[in-house]
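Model the full assembly from the supplied sequences, consistent with the hints where possible.
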Amino acid sequence: MAQTNMHEAAAALSDWVTTWGLTVSAPKSTHMCFTLKHLPSSPITSLCGQGVPYSRTHTFLGLHLDGPRLSWARHIDHLRTAYNKRLDILKKIAEVRWGANSDLLRYYLATIRPKLMYGSSIYRSAACSLLNKLDLIQNAALRISLGAMKSSPLKRDFVPALPPHSELTPVSSPRYPLFHLWGGPMHSCMAPWSMTTPPCQSPTNPQHPGLTTTTSTVH
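Note that the UniProt record's numbering numbers the sequence shown so that position 53 is 53, with each residue one more than the last.
Think of the hints as simulated: they come from the structure by calculation, not from any bench.
The model shown is predicted, which means the values in this text are computed figures rather than measured ones.
A virtual CB, placed ideally from N, CA and C, is assigned to each residue, including glycine.
Each hint should be verified, as a subset may be incorrect.
DSS-like mimics (lysine-lysine), calculated; alpha carbons at most 25 Å apart, straight line [as the list claims (entries may be wrong)]:
#1 Lys-133 - Lys-92
#2 Lys-115 - Lys-85
#3 Lys-133 - Lys-85
#4 Lys-150 - Lys-92
#5 Lys-150 - Lys-115
#6 Lys-115 - Lys-91
#7 Lys-133 - Lys-115
#8 Lys-133 - Lys-150
#9 Lys-150 - Lys-91
#10 Lys-150 - Lys-85
#11 Lys-91 - Lys-133
#12 Lys-115 - Lys-92
Simulated restraints on C-beta separations [claimed, not checked]:
#13 Arg-124 - His-58: 16 to 24 Å
#14 Leu-109 - Arg-80: 18 to 26 Å
#15 Leu-22 - His-78: 28 to 36 Å
See below:
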């Protein structure tokens, strides 16, 4: 059934391309299937009379797709490799002085954080164990920016250094600010309430309006 629908869609696309006088290079295109079921064989698809190669991996708009289950493992591994190099640059800059440095934090927010968050609304369906790997990159950058030890708990150290009105969220849980999770688990998979309603909060900090202190306990 799926194979038939795919052939019909490819035929309709071929007719539309021909009608409007356009050209599509089938050999440069990629055919992927996403399913939780076992694929007995590689599906065959043709476009404009040419076969479209089947692949289990492909890069589309900067996102590394991995089939057939779309686990996002390949994309997250690519991000880790790419941004570990950027962290090395951050370390070199931090070596010239000790202690918290707001410039280093701005460097992270301007050059590393946006690229980590690109496509996060899509790849956030990945397993918690994979998303945690991205949180480790952010945690390392925050420790470098603050001149903190590798074993220092971030929930206390980075609060004074954050600029006012900033909303630095865990990469794995972009829906709520990290301030809402202060004192609790950083990962959304470890905090069921973070996906529905933020925990009970005290009045906001006057220096950091977004900063609140949690009083709830996650079991």
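Against the structure, the hints come out as follows:
1. Lys-133 - Lys-92: holds, 22 Å
2. Lys-115 - Lys-85: Holds - the C-alpha atoms of Lys-85 and Lys-115 are around 13 Å apart, at most 25 Å.
3. Lys-133 - Lys-85: With a Cα-Cα distance of about 15 Å, the restraint between Lys-133 and Lys-85 holds, given a limit of 25 Å.
4. Lys-150 - Lys-92: Within the cut-off at roughly 16 Å; holds.
5. Lys-150 - Lys-115: holds, 23 Å
6. Lys-115 - Lys-91: holds, 19 Å
7. Lys-133 - Lys-115: holds, 15 Å
8. Lys-133 - Lys-150: holds, 16 Å
9. Lys-150 - Lys-91: Given pair Lys-150, Lys-91 holds - Cα atoms ~13 Å apart, limit 25 Å.
10. Lys-150 - Lys-85: holds, 18 Å
11. Lys-91 - Lys-133: Measuring from Cα to Cα gives roughly 19 Å; hence the hint holds.
12. Lys-115 - Lys-92: holds, 20 Å
13. Arg-124 - His-58: 16 to 24 Å: holds, 20 Å
14. Leu-109 - Arg-80: 18 to 26 Å: For Arg-80 against Leu-109, whose Cβ atoms are near 19 Å apart, the range 18 to 26 Å holds.
15. Leu-22 - His-78: 28 to 36 Å: Hint holds: Cβ distance 32 Å, inside 28 to 36 Å.
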